[in-house]
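Asks: Chain residues, written in single-letter form:
Number of protein chains: 2
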Amino acid sequence: MQALIEAIRSQGHGVGSQIVKVDSFLNHRLDTGLLYEMGKAFALRYADEHPDLVLTVEASGIALALATAHALGDIPVVFAKKSAAANQSGDMAEEKIFSFTRGQECVIRVDLRYIPAGSKVLIVDDFLANGEALRGLIAILKRAGAHLIGVGIAIEKGFQPGGQALRAQGIPLLSLAVIEEIRDGHIRFRDTDQH
Amino acid sequence: MQALIEAIRSQGHGVGSQIVKVDSFLNHRLDTGLLYEMGKAFALRYADEHPDLVLTVEASGIALALATAHALGDIPVVFAKKSAAANQSGDMAEEKIFSFTRGQECVIRVDLRYIPAGSKVLIVDDFLANGEALRGLIAILKRAGAHLIGVGIAIEKGFQPGGQALRAQGIPLLSLAVIEEIRDGHIRFRDTDQH
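Those protein sequence lines, which keep their order, are chains A and B. Read the first sequence against my numbering and you will find it ends at 185, with the numbers running on by one and no gaps. Read the second sequence against my numbering and you will find it ends at 185, with the numbers running on by one and no gaps.
Among the clues, some could well be false.
Pairs count within a copy or across copies, as identical chains cannot be separated in the list.
[As the list claims (entries may be wrong)] With a Cα cut of at most 25 Å, we get these calculated DSS-like pairs of lysine-lysine:
no., residue 1, residue 2
1, Lys71, Lys11
2, Lys132, Lys72
3, Lys110, Lys71
4, Lys71, Lys86
5, Lys110, Lys86
6, Lys11, Lys72
For the record, the hints were derived by calculation from the structure and aren't laboratory data. Bear in mind that the values here come from a model prediction, so they are computed numbers and not experimental data.
Given the sequences, and given the hints that come with them, work out the whole structure.
Replies: Right, here's the structure in full:
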């Protein structure tokens, strides 16, 4: 999406070869107008599948998920909670995921009462890199007996394997910006019209 | 706000005398339509003050802040980041706050580049109890040289001192639902038309 790519170009900062900082519009300060444009793009792509809810992970996925859910006619959002330790209780489904950014394992947790069996779920998140968070969310959906209709990502790091793994599984994936390479502070994008 | 009070009555769970669980529409699953109604209520109350941005704390304040910012014409949101330990760097303003719910101190942190000096700020959060998070946010605004135009809260625990302290300081406060008492699982509300 051109507006997102422009925002990354003008405000994003490449750090080393792996990290792009987008705190000024996506991860700390939120560019509200841009978030609604992104939400509309996901809604346009997935509305025909009639998702029942949007699933994401706290904290920075929440804004994008809400904007998407609004564009889809105010369907509910469920955000997985993240914590350092497991704490099984009641109807909670938990998955361990490894955060490469933080270099540590963490647990994501969803109350299965909020993901009805048979429901159609759209997953939305701000970043896709190794795909660990998505792997955990998809595992939770399976335990819930819900159907994944697709995934919407703001920024995919195309040089990390998460996106390719999803596509190889035949999971519909819309990444609004795909970064091909970060080098010397310069960010190079994939031509996203190709997929 | 009647829709919020109805949601708390029908879906909220009083736990002991201090806690109300609203995971089904505000803290884990989000009732998107209700969030936009709440955002519109804050916008209606504060639009005449022309806020430049909405400030909140991750994670559960983000959705409410975004809905409010959207209703105010897509002004930006800044969410304070929360962590267990201090980690001073660059333009980060940090405040220690005590979480009574968790029984521990934590640090909230805002990059001051995103709160321009002289800007008019509306603070929004999901809960107001002892007011520790708000105290921290207000201290950060002072360091930024920004103006607090008011506070919007979804659920105020009227039996805890945060709301009274803000009102005593003359800070405009709109709480959409004020809980007077939680006893034996029953939740009693204050008549919010009184303030």
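Asks: Take the hints in turn and mark each one as holding or not.
Replies: Hint check results:
For the identical chains of this complex, lysine 71 and lysine 11 are neighbours both inside a copy (23 Å) and across copies (15 Å), given an alpha-carbon limit of 25 Å. In the homo-oligomer, the alpha carbons of lysine 132 and lysine 72 lie at most 25 Å apart inside one protomer (19 Å), although the nearest pairing across protomers, at 31 Å, exceeds that limit. In this assembly of identical chains, lysine 110 and lysine 71 lie within 25 Å of each other by CA distance solely inside one copy; the values are 20 Å within and 32 Å between copies. Proximity of lysine 71 and lysine 86 under a CA criterion of 25 Å is satisfied in both settings, with 12 Å inside one chain copy and 23 Å between copies.
For the homomeric pair lysine 110 and lysine 86, the shortest alpha-carbon distance inside one copy (23 Å) is at most 25 Å, but the shortest distance between copies (41 Å) is not. Taking CA atoms no more than 25 Å apart as the test, lysine 11 paired with lysine 72 passes in both settings, with 21 Å inside one copy and 18 Å between copies.
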